[in-house]
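The listed protein sequences correspond, in order, to chains A and B. Counted the way my numbering counts, the first sequence spans residues 160 to 285. Counted the way my numbering counts, the second sequence spans residues 17 to 154.
Each hint should be verified, as a subset may be incorrect.
Unchecked claim - Covered by chain A, per the in silico footprint, the following chain B stretches (three or more residues, Cβ under 8 Å):
1. 71-85
2. 102-116
3. 132-140
Rather than coming from a laboratory, the hints here were simulated on the basis of the structure. From the three backbone atoms N, C-alpha and C, an ideal C-beta is built for every residue, glycine too.
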Amino acid sequence: MKERILAFCLKHWKEIGLVLLLLVVFGKSQYDMRNIIKAHETSEQSLRTQIETLRSLHSEELRIRDEAIERYQRDIEDLEERYKDRLDEIENLTEVEIDVIIKEFKEDKDLLAERFVETYGFKYVQ
Amino acid sequence: MFNSILFFIMISAAQADNPEFTIVAESQPAPFEGVLLNPTAAAEVLAKTDELQQKCDLEIEYQVDLAGSQCKLDKDLLNARITTLDKELLNVREQKDLEILTLQKIIKRQSPQYKWWWFAGGVVLGGATYYGIQQAGQ
Numbered sequence: 160m161k162e163r164i165l166a167f168c169l170k171h172w173k174e175i176g177l178v179l180l181l182l183v184v185f186g187k188s189q190y191d192m193r194n195i196i197k198a199h200e201t202s203e204q205s206l207r208t209q210i211e212t213l214r215s216l217h218s219e220e221l222r223i224r225d226e227a228i229e230r231y232q233r234d235i236e237d238l239e240e241r242y243k244d245r246l247d248e249i250e251n252l253t254e255v256e257i258d259v260i261i262k263e264f265k266e267d268k269d270l271l272a273e274r275f276v277e278t279y280g281f282k283y284v285q
Numbered sequence: 017m018f019n020s021i022l023f024f025i026m027i028s029a030a031q032a033d034n035p036e037f038t039i040v041a042e043s044q045p046a047p048f049e050g051v052l053l054n055p056t057a058a059a060e061v062l063a064k065t066d067e068l069q070q071k072c073d074l075e076i077e078y079q080v081d082l083a084g085s086q087c088k089l090d091k092d093l094l095n096a097r098i099t100t101l102d103k104e105l106l107n108v109r110e111q112k113d114l115e116i117l118t119l120q121k122i123i124k125r126q127s128p129q130y131k132w133w134w135f136a137g138g139v140v141l142g143g144a145t146y147y148g149i150q151q152a153g154q
């Protein structure tokens, strides 16, 4: 049996060599292919992780931004409210002051004259 | 009694450089030509000066506060952007480093530093095959 195998191998050694060579080339190309696929998977995984992180960072930024805008709107509302209140207060004070001045005028004319001089710097002619 | 007194303000046309005023009683002749105001109008003229000044101060304060709020908002938005960009940069760099490391490992397996081993292996295998065939042939 062994002799027959040996004789076969001797007779067809070129074909056997060729098959072995093809097997080696096939194995090597498979190995290279696996490495290329692995490199591709690594890049893909890296990009996926980057995209996920960018997404979460983006939502975090949007959250912070919304909060800042909300704070700004609250601040503006408070400012406007304070502004209107102060305006009303000033107008009310003016009304009170007008009443005071009229009362002063009834009691003491000179006081009003002094006010005019102080406010506008006009000369008071007796 | 005072109710009947009218307040008279006169800005003399002849003495335009020196504004003057006086107070006259009802039916009393005016010492100069001018504009006559009753007490309410005079009080309003006086009080409005203060009111306008206060309104002006309030407007300035309001506008400054508005600008401050806008500035704070801009600052907050920019800070958020900067923080995000910093984190993005850090993340991209980290991922790229990892990727490079993994790719380097893959390349290293096929690196030229193994080529002499492959060459030696081929020579040995070829020689052995040739020797084997020769021995078998005898």
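For each hint, the structure was consulted:
1. 71-85: holds (count 6)
2. 102-116: Coverage by chain A holds for the stretch 102-116 of chain B (8 residues, Cβ < 8 Å).
3. 132-140: With 0 residues in contact (Cβ-Cβ under 8 Å with chain A), the coverage given for the stretch 132-140 of chain B is violated.
When each numbered hint is compared with the structure, a violation occurs for hint 3 only.
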